[in-house]
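Peer 1: In the order they appear, the protein sequences are chains A and B.
According to the numbering used here, the first sequence is numbered sequentially starting from 9.
According to the numbering used here, the second sequence is numbered sequentially starting from 9.
Keep in mind that a hint or two might mislead.
Heads up, the list lumps identical chains together, so a pair's fine if it works in one copy or across two of them.
Under the rule of at most 20 Å between Cα atoms (straight-line distance), these lysine to aspartate or glutamate pairs were calculated in the EDC-like manner [said to hold, decoys possible]:
1) K91 <-> E18
2) K120 <-> D180
3) K120 <-> E18
4) K91 <-> E76
5) K91 <-> D180
6) K120 <-> E87
7) K177 <-> E121
8) K120 <-> E254
9) K91 <-> E145
10) K91 <-> E254
11) K91 <-> E122
12) K120 <-> E76
13) K177 <-> E122
14) K91 <-> E184
In short, the hints are calculated from the structure, not lab data.
Here the structure is a predicted model, which is why all the values come from computation and not from measurement.
Number of protein chains: 2
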Amino acid sequence: MNQITIPQFELVYNSLSFGVAAMGAATLFLWLSRSSVAPAYRTAVTISGLVTFIALYHYLRIFNSWNETYTVVNGTITETGVKFNDAYRYVDWLLTVPLLLIELILVMRLSKEESTSKSIQLGSLAALMILLGYPGEVSADSTTRWIWWGLSMVPFTIIMIQLFGGLKKAIDSQPESVRGMVGSARLLTVASWCFYPVVFILPMIGFTGGAATSAVQVGYTISDVVAKAVFGIFIYAIAVRKSEAEGYTG
Amino acid sequence: MNQITIPQFELVYNSLSFGVAAMGAATLFLWLSRSSVAPAYRTAVTISGLVTFIALYHYLRIFNSWNETYTVVNGTITETGVKFNDAYRYVDWLLTVPLLLIELILVMRLSKEESTSKSIQLGSLAALMILLGYPGEVSADSTTRWIWWGLSMVPFTIIMIQLFGGLKKAIDSQPESVRGMVGSARLLTVASWCFYPVVFILPMIGFTGGAATSAVQVGYTISDVVAKAVFGIFIYAIAVRKSEAEGYTG
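Could you build the full structure based on these sequences and the hints that come with them?
Peer 2: Now the structure itself:
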């Protein structure tokens with residue numbers, strides 16, 4: 009790991025703890041509210057809570073790993089020699105990113121065939137995107153990082169095009185009252201996802217040493233909270249609105 | 009244990025953590041979704057969640073055992089002298105493998121007599137298969153491993169024949185809309201189960217030292233996630249489809 013300062017250590021430490029609290033809270037809210045939506049939308053809400061639950065588990069692990077990597081005693085920070093495990097993020101994304109796309113597809117309530125085919129297609133592309141990003145993330149060499157970043161951007165771009173173009177028709181078929189919200193959820197996905205490739209290249213565009221390490225950790229944490237917890241609440245709100253429109257009274 | 013390299017250690021470490029997250033997520037999904045299926049299928053879904061829950065417990069134990077066996081400090085890996093406990097997997101299988109077969113039998117909703125007799129027959133064979141495999145797994149001697157592997161393959165083969173032949177008639181009696189899915193669940197069982205005896209013989213067919221140790225751990229983890237979590241979701245999907253076909257609206 010790069011040598012970092014105490015304020016940088018504390019910033020990451022507190023961000024990770026914020027991640028734990030946000031993911032835990034979102035999970036409980038979503039699962040407790042499951043019965044407030046019509047049965048047709050319950051799987052979407054259950055999966056939203058599943059995504060934040062998986063993230064909660066990984067944020068607890070990342071938090072512990074961060075604390076095992078450094079010790080702060082008497083105003084001095086020293087490395088313990090234990091390696092910070094960055095792989096937790098990738099294991100998390102491998103499980104949660106396909107599920108996030110499935111949430112969005114399920115809440116739209118398309119036909120069974122369309123839901124299944126879109127879930128498989130976008131889910132597989134998302135898994136491929138994560139797997140291609142990992143070899144770059146664990147490399148310290150800038151060229152290697154750029155190569156894997158570029159490869160990972162291929163499925164990323166296809167997913168973005170699908171979300172923007174492919175789902176446009178599906179959004180137009182949504183009831184009037186939720187069309188705006190579904191559109192916003194799609195925009196939130198696109199905007200929060202664009203954050204990740206930017207955070208990835210921070211160490212390649214001038215951020216060095218402790219600044220790079222802490223910027224990457226804080227950046228990913230904010231992105232994760234937006235893309236998983238905030239997005240999950242959005243999915244829930246859409247499900248509530250659609251349930252009401254369909255006459256569900258709870 | 010065999011001496012392993014840091015990348016091998018980390019690969020197993022991250023696979024085991026992936027196992028924990030996948031089993032935990034599957035358990036909660038299955039138990040939360042229990043009410044989405046007709047009462048007749050709830051036991052099948054509950055047991056599916058039970059299988060992944062038992063696996064969650066054992067993966068937490070295996071993960072901790074793995075970390076107690078090695079220490080990585082300042083880029084050097086050393087053995088602590090604490091033995092890695094492989095028995096957790098066998099205790100897990102002894103409980104979960106008979107339950108997995110019962111899940112599949114229950115979701116088919118055969119007659120009471122047939123369900124009971126098939127559950128007892130296949131469940132006992134599965135327990136016998138695990139018990140016969142264990143003495144081989146803990147032996148370092150190739151001949152001993154082959155003998156117990158061979159003995160364990162006897163109940164394994166009978167189960168496979170039963171699944172392929174004996175359940176064929178039962179599958180033909182399923183409603184049209186789920187016949188394909190039940191057939192796929194049966195195939196998924198057969199395919200994922202065939203993985204285990206292959207992983208078992210890796211150390212006997214040329215994989216040595218750290219490569220053997222890590223290949224066996226990663227192999228069993230992937231097999232477990234497919235045979236328990238993915239299979240459980242499959243059982244749930246079949247239960248949903250059958251509930252709908254029988255007019256259950258949730």
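Peer 1: Any of the earlier hints contradicted here, and which numbers?
Peer 2: 3, 5, 6, 10, 11, 12, 14
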